[in-house]
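**Q** Read off the chains here:
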Amino acid sequence: AQKITQTQPGMFVQEKEAVTLDCTYDTSDPSYGLFWYKQPSSGEMIFLIYQGSYDQQNATEGRYSLNFQKARKSANLVISASQLGDSAMYFCAMRGDHASGGSYIPTFGRGTSLIVHP
Amino acid sequence: NAGVTQTPKFRILKIGQSMTLQCTQDMNHNYMYWYRQDPGMGLKLIYYSVGAGITDKGEVPNGYNVSRSTTEDFPLRLELAAPSQTSVYFCASSASGTSNYGYTFGSGTRLTVV
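Here the protein sequences line up with chains A and B, keeping their order. Heads up: the first sequence begins at 1 in this note's numbering, then just goes up one per residue. Heads up: the second sequence begins at 1 in this note's numbering, then just goes up one per residue.
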């Protein structure tokens with residue numbers, strides 16, 4: 001079974017500073033993917049970034065980067081130069097690889113609420 | 001540029017009523033999912049489908065039913081609505097079961113049962 005743990009219910013950051021949102025996972029699947037989604041107050045789920053378990057380099061997408069430490073089973077999201085519009089809930093998720101017999105049903109963490117102060 | 005479309009966006013039901021939440025995607029995705037999100041919580045999987053004619057239960061299927069007669073549509077049926085079903089419901093789809101494919105979400109349906 002897969003498990004995602006987000007231990008920070010809420011985080012605060014000053015505008016223009018960097019912030020790290022924690023995510024640890026547990027899985028027995030040999031191949032898996034890790035995702036981060038943003039949910040602003042309007043409610044939609046917005047895909048931010050993806051990291052594959054076999055990717056050698058940490059994923060980056062603009063101001064978002066994923067600090068992937070496979071041995072520690074962590075996939076922390078780093079947001080650089082925070083903006084007021086970054087205030088939202090952030091969810092970490094993972095799925096396995098159906099073709100490899102893994103659990104392709106995505107598992108979500110409980111989320112971290114980020115508030116960016118001006 | 002539709003992606004995943006959910007209707008309605010808001011609905012108030014009385015206890016015991018039934019309704020169908022509609023979900024349609026135009027990306028030819030085989031994998032589709034229904035989640036519910038309770039206040040302050042993450043997403044819990046209700047049902048999922050890996051293709052037309054194939055559905056299976058997720059973590060919290062009681063009180064719900066689904067069907068998948070076409071690739072595009074994955075409606076969620078609530079029978080005999082209860083206050084515990086007050087939640088935000090999200091439909092999502094994915095192109096593949098491989099681990100590097102993300103999910104496209106609909107905008108959600110906010111359901112209140114009174």
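If you are wondering where the hints come from, they were derived from the structure by calculation, not from laboratory data. Computed from a predicted model, the values in this text were never measured in an experiment. Misleading hints may appear alongside valid ones.
What the hints assert, rightly or not - Here are the simulated EDC-like pairs of lysine to aspartate or glutamate, each with C-alpha atoms no more than 20 Å apart in a straight line:
#1 A:Lys3 - B:Glu72
#2 B:Lys44 - A:Glu61
#3 B:Lys14 - B:Asp38
#4 A:Lys3 - B:Asp73
#5 B:Lys44 - A:Asp86
#6 A:Lys73 - A:Asp26
**Q** State for each hint whether it applies.
**A** Status of each hint after checking the structure:
{"no.": "1", "hint": "A:Lys3 - B:Glu72", "in the structure": "violated, 30 Å"}
{"no.": "2", "hint": "B:Lys44 - A:Glu61", "in the structure": "violated, 27 Å"}
{"no.": "3", "hint": "B:Lys14 - B:Asp38", "in the structure": "holds, 19 Å"}
{"no.": "4", "hint": "A:Lys3 - B:Asp73", "in the structure": "violated, 29 Å"}
{"no.": "5", "hint": "B:Lys44 - A:Asp86", "in the structure": "violated, 24 Å"}
{"no.": "6", "hint": "A:Lys73 - A:Asp26", "in the structure": "holds, 7 Å"}
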